[in-house]
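Visitor: What follows is the residue order along each chain.
Protein chains: 2
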Amino acid sequence: MGRWQSGARERLVMAALDLYVERGFDETTVAEIAARAGVTERTFFRYFADKREVLFEGSALLEQLVVQTIADAPVDASAFDAAIAGVRATREFLVDRDFSRRRAAAIDANASLRERELLKLASLRDGVAAALRARGADELTAAVAADAAGSVFHHGFQRWIRGDSEDYSAALEQALAAVRGIR
Amino acid sequence: MGRWQSGARERLVMAALDLYVERGFDETTVAEIAARAGVTERTFFRYFADKREVLFEGSALLEQLVVQTIADAPVDASAFDAAIAGVRATREFLVDRDFSRRRAAAIDANASLRERELLKLASLRDGVAAALRARGADELTAAVAADAAGSVFHHGFQRWIRGDSEDYSAALEQALAAVRGIR
Numbered sequence: 001m002g003r004w005q006s007g008a009r010e011r012l013v014m015a016a017l018d019l020y021v022e023r024g025f026d027e028t029t030v031a032e033i034a035a036r037a038g039v040t041e042r043t044f045f046r047y048f049a050d051k052r053e054v055l056f057e058g059s060a061l062l063e064q065l066v067v068q069t070i071a072d073a074p075v076d077a078s079a080f081d082a083a084i085a086g087v088r089a090t091r092e093f094l095v096d097r098d099f100s101r102r103r104a105a106a107i108d109a110n111a112s113l114r115e116r117e118l119l120k121l122a123s124l125r126d127g128v129a130a131a132l133r134a135r136g137a138d139e140l141t142a143a144v145a146a147d148a149a150g151s152v153f154h155h156g157f158q159r160w161i162r163g164d165s166e167d168y169s170a171a172l173e174q175a176l177a178a179v180r181g182i183r
Numbered sequence: 001m002g003r004w005q006s007g008a009r010e011r012l013v014m015a016a017l018d019l020y021v022e023r024g025f026d027e028t029t030v031a032e033i034a035a036r037a038g039v040t041e042r043t044f045f046r047y048f049a050d051k052r053e054v055l056f057e058g059s060a061l062l063e064q065l066v067v068q069t070i071a072d073a074p075v076d077a078s079a080f081d082a083a084i085a086g087v088r089a090t091r092e093f094l095v096d097r098d099f100s101r102r103r104a105a106a107i108d109a110n111a112s113l114r115e116r117e118l119l120k121l122a123s124l125r126d127g128v129a130a131a132l133r134a135r136g137a138d139e140l141t142a143a144v145a146a147d148a149a150g151s152v153f154h155h156g157f158q159r160w161i162r163g164d165s166e167d168y169s170a171a172l173e174q175a176l177a178a179v180r181g182i183r
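Residue numbers (this note's numbering), protein chains in the order written: chain A, 1 to 183; chain B, 1 to 183.
Calculated from the structure, these hints are not laboratory results. Just so you know, not all the hints are guaranteed correct.
As the list claims (entries may be wrong) - Straight-line C-alpha distance at most 30 Å; calculated DSS-like pairs for lysine-lysine:
| id | chain 1 | residue 1 | chain 2 | residue 2 |
| --- | --- | --- | --- | --- |
| 1 | B | K51 | B | K120 |
| 2 | A | K120 | A | K51 |
| 3 | B | K120 | A | K120 |
| 4 | A | K51 | B | K120 |
| 5 | A | K120 | B | K51 |
The following block holds chain A by itself, in its conformation from the complex (with noise of 0.2 Å):
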């Protein structure tokens, strides 16, 4: 994300997840965001619409890359081939690792919040298995193919903000690995 952001939007956010941190998402309010990061409220709503979307803005870009990315995959690519190729397209996004880790954080704090989490990457799934399924997967296996894929995604991710990886890709490759050693 962090490529994207600059001046008082890239405030407004660290100044969102610090806030969200420490007081709790439920507890702050959008004044308490703008005050930190030195801009005012209406600023603010130039950027987001309201506080959530500082967390989840990005979500259905993502998903539109992933699914792009596995309709443009190789028509010979085995459904789980052409949907790791479109968690990889992921390395595109995650870029900045502090903000992930905030962002994180922060949504790990407040149980509504992870509840959203879980719903958008069960709504990212499903656009994986449609993906599969327009390349010809049978339900079943573009159903499969993107949970071990979102497996993937996950478990990389976490690797790479819990800092067992200093690399996103390279982390990624590493829950690959595993995912592709279940017997």
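Since chain A is already given, all that's left is putting chain B on it; use the hints.
Guide: Okay, now just chain B, sitting in the frame of chain A:
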């Protein structure tokens, strides 16, 4: 679940599920559920702490059964095979397709119930991963095996309640074959 229900309890469950589907979970009161089941509100509260419990009371028992089965699996079973033994143990639990269908329809119709269901499934996966680590699996292996077993459970269950397979056990084995076929 059916085999443990009888009389007032079973009527309460069916009345609640009918009302959640017809009117929506949020719009249904305990008084209405009790009236439709032909019992008092007091009887409702003898069986259930609240109206959400009608849907989720089985989750903790299910997790306990799955985790215990994994702990009891042969020491030389792979992490995935142990997790699949846990999934197969759910056959004890899921014997009443009509109940399972109604429950799924009630949950699908309400965003907050869907979020809650996803949270329970995430908790089940965490429980499975912990049980696999307790058997000596490393963290990543345990996590991806738990995800893959969750995929078998979810899609086996869906095939059964949708009627793609008449038999829950056969549906699980079809989903397992699809997961093992991932390349």
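Visitor: Does each hint fit the structure? Answer for all of them.
Guide: Structure-based check of all given hints:
{"no.": "1", "hint": "B:K51 / B:K120", "result": "17 Å, holds"}
{"no.": "2", "hint": "A:K120 / A:K51", "result": "17 Å, holds"}
{"no.": "3", "hint": "B:K120 / A:K120", "result": "16 Å, holds"}
{"no.": "4", "hint": "A:K51 / B:K120", "result": "26 Å, holds"}
{"no.": "5", "hint": "A:K120 / B:K51", "result": "26 Å, holds"}
When the structure is compared with the earlier hints, no violation turns up for any of them.
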